[in-house]
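2 protein chains.
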Amino acid sequence: MSTTKPPAGTRDFLPDEIRRREHVINIVRSVYERYGFEPLETPAFENIETLLGKYGDEGNKLIFKILRRGEHEASGEADLALRYDLTVPLARVIAQYQNELPKFFKRYQIQPVWRADRPARGRFREFYQCDIDSIGSTSAVVEVEQLSAVSDVLTELGFKDFQLRINHRGVLDAMLERAGIEPAERANALVIIDKQDKIGRQGVFDQLQAKYGNKAAAECMSPIHATSLADSLLAVTGLPAGSPKENLELILNLASSTAAATFLRLDTSLARGLSYYTGAIMEVNVEGIGSLGGGGRYNNLIGTFLGRGIPACGFSLGLERIIVIMTERNMFPSEVVRGAVDVMVTLWNEETRADALALAAELRRADLRVDVYPEAEKLGKQFKYAATRAVPFVVVVGVDERAADNVSIKNLASSDQQTVPRAEAAGWIKRHLNEEPGSRQVEP
Amino acid sequence: MSTTKPPAGTRDFLPDEIRRREHVINIVRSVYERYGFEPLETPAFENIETLLGKYGDEGNKLIFKILRRGEHEASGEADLALRYDLTVPLARVIAQYQNELPKFFKRYQIQPVWRADRPARGRFREFYQCDIDSIGSTSAVVEVEQLSAVSDVLTELGFKDFQLRINHRGVLDAMLERAGIEPAERANALVIIDKQDKIGRQGVFDQLQAKYGNKAAAECMSPIHATSLADSLLAVTGLPAGSPKENLELILNLASSTAAATFLRLDTSLARGLSYYTGAIMEVNVEGIGSLGGGGRYNNLIGTFLGRGIPACGFSLGLERIIVIMTERNMFPSEVVRGAVDVMVTLWNEETRADALALAAELRRADLRVDVYPEAEKLGKQFKYAATRAVPFVVVVGVDERAADNVSIKNLASSDQQTVPRAEAAGWIKRHLNEEPGSRQVEP
Numbered sequence: 017m018s019t020t021k022p023p024a025g026t027r028d029f030l031p032d033e034i035r036r037r038e039h040v041i042n043i044v045r046s047v048y049e050r051y052g053f054e055p056l057e058t059p060a061f062e063n064i065e066t067l068l069g070k071y072g073d074e075g076n077k078l079i080f081k082i083l084r085r086g087e088h089e090a091s092g093e094a095d096l097a098l099r100y101d102l103t104v105p106l107a108r109v110i111a112q113y114q115n116e117l118p119k120f121f122k123r124y125q126i127q128p129v130w131r132a133d134r135p136a137r138g139r140f141r142e143f144y145q146c147d148i149d150s151i152g153s154t155s156a157v158v159e160v161e162q163l164s165a166v167s168d169v170l171t172e173l174g175f176k177d178f179q180l181r182i183n184h185r186g187v188l189d190a191m192l193e194r195a196g197i198e199p200a201e202r203a204n205a206l207v208i209i210d211k212q213d214k215i216g217r218q219g220v221f222d223q224l225q226a227k228y229g230n231k232a233a234a235e236c237m238s239p240i241h242a243t244s245l246a247d248s249l250l251a252v253t254g255l256p257a258g259s260p261k262e263n264l265e266l267i268l269n270l271a272s273s274t275a276a277a278t279f280l281r282l283d284t285s286l287a288r289g290l291s292y293y294t295g296a297i298m299e300v301n302v303e304g305i306g307s308l309g310g311g312g313r314y315n316n317l318i319g320t321f322l323g324r325g326i327p328a329c330g331f332s333l334g335l336e337r338i339i340v341i342m343t344e345r346n347m348f349p350s351e352v353v354r355g356a357v358d359v360m361v362t363l364w365n366e367e368t369r370a371d372a373l374a375l376a377a378e379l380r381r382a383d384l385r386v387d388v389y390p391e392a393e394k395l396g397k398q399f400k401y402a403a404t405r406a407v408p409f410v411v412v413v414g415v416d417e418r419a420a421d422n423v424s425i426k427n428l429a430s431s432d433q434q435t436v437p438r439a440e441a442a443g444w445i446k447r448h449l450n451e452e453p454g455s456r457q458v459e460p
Numbered sequence: 017m018s019t020t021k022p023p024a025g026t027r028d029f030l031p032d033e034i035r036r037r038e039h040v041i042n043i044v045r046s047v048y049e050r051y052g053f054e055p056l057e058t059p060a061f062e063n064i065e066t067l068l069g070k071y072g073d074e075g076n077k078l079i080f081k082i083l084r085r086g087e088h089e090a091s092g093e094a095d096l097a098l099r100y101d102l103t104v105p106l107a108r109v110i111a112q113y114q115n116e117l118p119k120f121f122k123r124y125q126i127q128p129v130w131r132a133d134r135p136a137r138g139r140f141r142e143f144y145q146c147d148i149d150s151i152g153s154t155s156a157v158v159e160v161e162q163l164s165a166v167s168d169v170l171t172e173l174g175f176k177d178f179q180l181r182i183n184h185r186g187v188l189d190a191m192l193e194r195a196g197i198e199p200a201e202r203a204n205a206l207v208i209i210d211k212q213d214k215i216g217r218q219g220v221f222d223q224l225q226a227k228y229g230n231k232a233a234a235e236c237m238s239p240i241h242a243t244s245l246a247d248s249l250l251a252v253t254g255l256p257a258g259s260p261k262e263n264l265e266l267i268l269n270l271a272s273s274t275a276a277a278t279f280l281r282l283d284t285s286l287a288r289g290l291s292y293y294t295g296a297i298m299e300v301n302v303e304g305i306g307s308l309g310g311g312g313r314y315n316n317l318i319g320t321f322l323g324r325g326i327p328a329c330g331f332s333l334g335l336e337r338i339i340v341i342m343t344e345r346n347m348f349p350s351e352v353v354r355g356a357v358d359v360m361v362t363l364w365n366e367e368t369r370a371d372a373l374a375l376a377a378e379l380r381r382a383d384l385r386v387d388v389y390p391e392a393e394k395l396g397k398q399f400k401y402a403a404t405r406a407v408p409f410v411v412v413v414g415v416d417e418r419a420a421d422n423v424s425i426k427n428l429a430s431s432d433q434q435t436v437p438r439a440e441a442a443g444w445i446k447r448h449l450n451e452e453p454g455s456r457q458v459e460p
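Protein chains in written order, with the working numbering: chain A, 17 to 460; chain B, 17 to 460.
For the record, the hints were derived by calculation from the structure and aren't laboratory data. There may be inaccurate statements among the hints.
Any copy, or any two copies together, can satisfy a pair, since identical chains are not distinguished.
Straight line, CA to CA, 25 Å or less: simulated DMTMM-like cross-link-like pairs of lysine to aspartate or glutamate [what the hints assert, rightly or not]: (1) 70 - 142; (2) 77 - 89; (3) 400 - 116; (4) 261 - 367.
Note that the structure is predicted; figures quoted are calculated from it, not measured.
Build out the structure end to end from the sequences listed, making use of the hints.
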């Protein structure tokens, strides 16, 4: 018999885990909708030429490629490939539907992506990204709205100790120029600078020094790590004059009227690996944990599909990291993890099955989540089953109850049992569900 | 430049389409949760040996296979394959987590599957299935709860003209036996009988006659097409004695206490193609349209992963068909198709951008969906843009309004314009949104 585990680097999500994921996704979605972003979804796979060459040599190797089918299967060639991120498919969509989409297109997209990375703790081959992108405007309002939306998402999820770091591609370029690093070598230097989270400041310095010498390394160790927005506004004045400085200044100024004000800081050591950024770059970090996501302005990428440049700016949150931290920190409201069923209807005997189903229908009409025990087994066994599933209430309709048109309702946590007229059962259960600590609120 | 279309047989879902899909998925999900089903998700791909051999020779050819990676890529071999349905992954999950899952495991799963079918109108290579399955009980309560849940889903979506047809694998076997068709040939005969929707009764008869002779064909043209549940209960008494008859009788009897009562009929011509069914088989049809989904009892499939039999029964709804019909019939509530934004804040000039962002934040705090026009262009242009996006209200804060701490709110449909104290703007917009025909209801 073959293995029953999911493939390496992927996971099955059992119900408790899905409820956690849905809780996060619902908050992300509702905040992004409040900011006017609209949903978009693209196919799991793309034509292979859409993806190849977009993520560098390393990326090309990590793309999952799909074998041609039918008579071509034996050729061993691939013609399709699994989505590697949500940005390249977006660029293709913008090019394809340019006449149907609004001039300023703001979309969110929450879908899995696949990368053939070596699986490791916390690193998966199938993982969800939650992206927002604003297409069509160069205005700093775009960056500020995204920073504010991300602040609202994290705040509503319950995070308090996060920072939004911002830098500008132009600031990095000027720094590398001063350090005397050749343009062709700058992408590599940025990859080293970007490692500060992993190897620390000294590690970054050592690697830069080994590769580019002492002076260049010192020049690359950026001096500005502001600790507040006010501090950032002071620090930004020290940058050399030019459009990066003006752009950062404007973003910081506008952000002070938004939810991002508390969290935003200028940090000129922020590099972000991806080479397609052309302006502001942004990242969200949680104290002692690292990055939960990031993004920036990329005014040229869409042009590679469209043939003419369209300005764009995006921010991507990683769902998996957020869920790991929220689970470790017990940040999920108790109703999220409470279970799937509000009340279980027991089967008294084989003859009363139809009546149990009718009672379940009555309770469901009141929007309760109702399970019916499928077998007419001993009541004790039915109760025990309900307890293992953390069902709060169990309903029994025995001979006496039926005669008087009553039901018995047992609270499994307290073992209290109460007889209630059948017509009032749904209302009774709803009231008492709302009294339970950590219950989901049910409209009475 | 390469094509910007999605791959053949797949689709990009733009915002309006996603809102339709989410409307359907939300109803499906909430009904299934009311019936005590819990969510499950599995990876997009499985180890290839998990899928091969589960869907017959034809199915094997339609599975998308993923090339091995790294040094093995050149071998042209596949080690992974895209999910082909939601049932085989479920069987693997049951085997893998048997000690963590409840004795009676009821799960719903709403995820895409991929099949390399020749693309055609209404037939896609990437499409969503919405499955419920109940594992661990042979009780007829299982079938009845599923029939009732499917009835509630379709009723809440707005369907009235659907029928739930039911038959039993044992009834079909007895019929084929009487027709003198050898056991090895019966699967083929069922495939022909299953075509009635496509080629009509006469077509089925002709094909059966050509292959098995006149007498066998006549024997296979089932006489029972009941037209109501009461009719079905009468007709079922005519079936030969035995467990299929008793099982059908019990299901029909129990269903009369549930939401399925209006829609359920016995139809002994129902065959369902899949060979793994062992008991009741079910299908939901819409008048003049055909099948929206179906299912049945399969007590042996999970055993192929687990090594011991576990009873199971499932029902699968096809999302794509449902959405096509609901779109053709205009069955979506108008708030679903109304658009993404409740109110757009205009930019008066460059200097007031920060104030526009602050106003947007105030409106969002009241749970409104707010867009900010990103550029300080002429107001007329900003209004025109809002109109193309079907935004109902636009807010302007000019010099006079700012001085008096007011805002001007324009209703784009009626062109009415109103000046309102800024602190009351959110409440004013919410009240008027609720008055709009087909508005989404916003808590005041």
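Check: Under a CA distance limit of 25 Å, which applies to residue 400 and residue 116: within one copy, between copies, both, or neither?
Finding: Intra 57 Å, inter 16 Å, cutoff 25 Å: inter-copy only.
Item checked: Status of residue 142 relative to residue 70 across identical chains (alpha carbons, at most 25 Å) -> So residue 70 and residue 142 pass the 25 Å test inside a copy (19 Å) and across (24 Å) alike.
Next item on the list: Could you figure out if residue 261 and residue 367 sit no more than 25 Å apart (CA to CA) within one copy, between two copies, both or neither?
Entry: between (80 Å within a copy, 18 Å between copies)
Notebook entry, point to check: Between copies, within a copy, both or neither: which fits residue 77 and residue 89 at Cα up to 25 Å?
Noted result: Close inside one copy (21 Å) and across copies (9 Å); limit 25 Å.
Against the hints set out earlier in the document, no violation occurs for any number.
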